[in-house]
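As given, the protein sequences belong to chains A and B, one line each in that order.
Mind the numbering: the first sequence is residues 1 to 114 in our numbering, read in order.
Mind the numbering: the second sequence is residues 1 to 111 in our numbering, read in order.
Worth flagging that the hints you see were computed from the coordinates, not collected in a lab.
Mixed in with the good hints there might be a few duds.
Using C-beta positions, here's what the derived DEER-type ranges look like [claimed, not checked]:
1. Asn28/A / Ser12/B: 39 to 45 angstroms
2. Gly59/B / Thr7/A: 43 to 49 angstroms
3. Pro83/A / Glu15/B: 39 to 45 angstroms
4. Pro14/B / Ala52/A: 29 to 35 angstroms
5. Lys70/B / Met19/A: 36 to 42 angstroms
6. Thr5/A / Asp7/B: 30 to 36 angstroms
Remember, predicted model here, so these are calculated numbers, not experimental data.
Beta carbons: idealized from backbone N, C-alpha and C, even for Gly.
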Amino acid sequence: NAGVTQTPKFRILKIGQSMTLQCTQDMNHNYMYWYRQDPGMGLKLIYYSVGAGITDKGEVPNGYNVSRSTTEDFPLRLELAAPSQTSVYFCASSRDAFSGNTIYFGEGSWLTVV
Amino acid sequence: QKEVEQDPGPLSVPEGAIVSLNCTYSNSAFQYFMWYRQYSRKGPELLMYTYSSGNKEDGRFTAQVDKSSKYISLFIRDSQPSDSATYLCAMSVDSNYQLIWGAGTKLIIKP
Numbered sequence: 001n002a003g004v005t006q007t008p009k010f011r012i013l014k015i016g017q018s019m020t021l022q023c024t025q026d027m028n029h030n031y032m033y034w035y036r037q038d039p040g041m042g043l044k045l046i047y048y049s050v051g052a053g054i055t056d057k058g059e060v061p062n063g064y065n066v067s068r069s070t071t072e073d074f075p076l077r078l079e080l081a082a083p084s085q086t087s088v089y090f091c092a093s094s095r096d097a098f099s100g101n102t103i104y105f106g107e108g109s110w111l112t113v114v
Numbered sequence: 001q002k003e004v005e006q007d008p009g010p011l012s013v014p015e016g017a018i019v020s021l022n023c024t025y026s027n028s029a030f031q032y033f034m035w036y037r038q039y040s041r042k043g044p045e046l047l048m049y050t051y052s053s054g055n056k057e058d059g060r061f062t063a064q065v066d067k068s069s070k071y072i073s074l075f076i077r078d079s080q081p082s083d084s085a086t087y088l089c090a091m092s093v094d095s096n097y098q099l100i101w102g103a104g105t106k107l108i109i110k111p
């Protein structure tokens, strides 16, 4: 019973490097999300997708890009990593739009930019 | 002022105590209220979901919404060490609108 799977779990990046956080879900959910979680702050929505081929910006999209070529996969791309992108990243999916009672989260990806 | 305020804690209580966790908010349009539990190094998982005002009970957990005061609460009865986690509140205007999250309260239940 996989649910939402994220990789990698931990990563250290140097300033200016790029990387992709992978996310896949096996629940056939249309909606997928990327959040970041910083100490003392609530979860902030980076990007979301309402279906394959459709993505949109959330609250904090700068410095990130996403794509959604399939229902299952929603990778998050960090270009030119900056220390401000040090955070914990969570991928999530839901059956319905933003419905709080159907959002399932992955286990998180800890990213440090040095 | 943050749209949703939540005391970060930590809140430390002995096993068996009644725990009260709270969030206040500023947007009177919020109608959907949720409590998530997040264990260390894990993703959040839904604990309670309430629409509009009133109480909702599920086992040892009770969620309470007071829209007139813009205040929501989560009560945990007979608290257990396994309840030690960070509790996040989240809310939204409607089911098609993005969630706004509190920062979370870290709860520690001492055996």
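Tested hints:
The given range of 39 to 45 angstroms is respected by Asn28/A and Ser12/B, whose C-beta atoms sit roughly 42 angstroms from each other. One distance hint, 43 to 49 angstroms for the beta-carbon pair Gly59/B and Thr7/A, is violated here, with the actual separation near 34 angstroms. Remark: the range hint 39 to 45 angstroms for Pro83/A to Glu15/B is upheld by a beta-carbon distance near 41 angstroms. The hint said 29 to 35 angstroms for the Cβ distance between Pro14/B and Ala52/A, and at roughly 51 angstroms that hint is violated.
With their beta carbons about 40 angstroms apart, Lys70/B and Met19/A fall inside the hinted range of 36 to 42 angstroms. Checking the proposed 30 to 36 angstroms range against Thr5/A and Asp7/B shows it holds: the Cβ atoms sit about 33 angstroms from each other.
Checked against the numbered hints above, the structure breaks hints 2 and 4 and satisfies the rest.
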